[in-house]
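Undergrad: Model the placement of chain B on the given structure of chain H, informed by the hints.
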Amino acid sequence: MKRELFDEIFDREIAPFIEEMLEYAPFIEKRNLAPCKREIFNEYSKLRVIYRRQVYNSDAEILDRHKVASCMCGAFLTVPVFHKGHLLEAMKQHGEPVESFLYYASEFAAFYAANKFLSFYMLCEVDNARGIDSEERRLRKERIVERFPMMPPASKVKGMRGTWSGILFNLSQIRGEERLGIEHYDLYAYATIFFMLEAYFNQKTVLMEKGHGFK
Amino acid sequence: MGKVKGLKDYLKDDASLCRKVTYENFMQKEITSNNQDYKMEDAYQSYRKVAEQGYRT
Numbered sequence: 000m001k002r003e004l005f006d007e008i009f010d011r012e013i014a015p016f017i018e019e020m021l022e023y024a025p026f027i028e029k030r031n032l033a034p035c036k037r038e039i040f041n042e043y044s045k046l047r048v049i050y051r052r053q054v055y056n057s058d059a060e061i062l063d064r065h066k067v068a069s070c071m072c073g074a075f076l077t078v079p080v081f082h083k084g085h086l087l088e089a090m091k092q093h094g095e096p097v098e099s100f101l102y103y104a105s106e107f108a109a110f111y112a113a114n115k116f117l118s119f120y121m122l123c124e125v126d127n128a129r130g131i132d133s134e135e136r137r138l139r140k141e142r143i144v145e146r147f148p149m150m151p152p153a154s155k156v157k158g159m160r161g162t163w164s165g166i167l168f169n170l171s172q173i174r175g176e177e178r179l180g181i182e183h184y185d186l187y188a189y190a191t192i193f194f195m196l197e198a199y200f201n202q203k204t205v206l207m208e209k210g211h212g213f214k
Numbered sequence: 000m001g002k003v004k005g006l007k008d009y010l011k012d013d014a015s016l017c018r019k020v021t022y023e024n025f026m027q028k029e030i031t032s033n034n035q036d037y038k039m040e041d042a043y044q045s046y047r048k049v050a051e052q053g054y055r056t
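Going down the list, the sequences are from chains H and B. Yeah, the first sequence ends on 214 if you go by numbering that gives the first Met the number 0, and it's all consecutive. Yeah, the second sequence ends on 56 if you go by numbering that gives the first Met the number 0, and it's all consecutive.
Treat the hints as calculated values from the structure; they're not laboratory data. Quick caveat, the model's predicted, so the values are computed rather than measured. Cβ atoms here follow ideal geometry from the backbone N, Cα and C, with glycine treated the same way. Some hints could be false.
Here are the simulated BS3-like cross-link-like pairs (lysine-lysine), alpha carbons at most 25 angstroms apart as the crow flies [as the list claims (entries may be wrong)]: (1) 203/H - 28/B; (2) 140/H - 7/B; (3) 83/H - 1/H; (4) 29/H - 115/H; (5) 203/H - 7/B; (6) 29/H - 83/H; (7) 115/H - 36/H; (8) 140/H - 2/B; (9) 29/H - 45/H; (10) 11/B - 203/H; (11) 7/B - 115/H; (12) 48/B - 83/H; (13) 29/H - 19/B; (14) 115/H - 91/H; (15) 29/H - 28/B; (16) 2/B - 115/H; (17) 115/H - 140/H; (18) 7/B - 19/B; (19) 29/H - 7/B; (20) 48/B - 38/B; (21) 1/H - 115/H; (22) 2/B - 83/H.
Some but not every residue of chain B turned toward chain H, in silico, with C-beta under 7 angstroms [to be verified]: (23) 3; (24) 6; (25) 9; (26) 11; (27) 12; (28) 19; (29) 20; (30) 21; (31) 39; (32) 40; (33) 43; (34) 44; (35) 46; (36) 47.
Same shape as in the complex, but just chain H:
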């Protein structure tokens, strides 16, 4: 992926998500996104090389989309769009309770970005799929854009906590304040998580197509 393309995706798809989060808590400040964006891309490029060498012992192989998503997630974690210390200080100064996802704002952006990039590949696959008519193709693409990823059922207490909050919490534990770095982020494990999310989405959408009562 060229730098220009990453910049465009960041500006058009990721930055609006970050701005939308800030609507919930205007008192917190994001980092300057221009250098942030550059650093994230550099980090992503670095992780891709590391991953390729570790998995394939080569610089030539193309990574599959789940590994790309994992590298993207890792890059956003390593270069957070909010300083966690600043974020927590703002929460402390604010004094009032705020939506829990705001405490994981950077992790949320990382997870969102990874899923977004993964969805591009999924759409591309639909574009290149054979044996489906144009209406089916349109429908599949629409589902990916509107609904991917779907949240798998996972909750310690039924109805209380979902997969997203669990993932964000785990990501936040990886990237503690003042010990930034990818040494605790497992590229393989998160690639598997993204694989599972896509598999779950595909399974559910097949059920939808067969008329099972899925939302």
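TA: Showing chain B alone in chain H's frame:
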């Protein structure tokens, strides 16, 4: 093409993300989250209690 899945959709998926949390409660969770595992002795005792009563799954 319809609406793109965004922040509000994620929040709708998992309502716990919108639960209002104070800074103090958040920090409490952060600090204690790694200490919530039970001791193996206690865990094994829990198992023994059930096993000795003859429960089988």
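Undergrad: Hints the structure violates: just list their numbers, smallest first.
TA: 1, 3, 12, 14, 22, 26, 31, 32, 33, 34, 35 and 36
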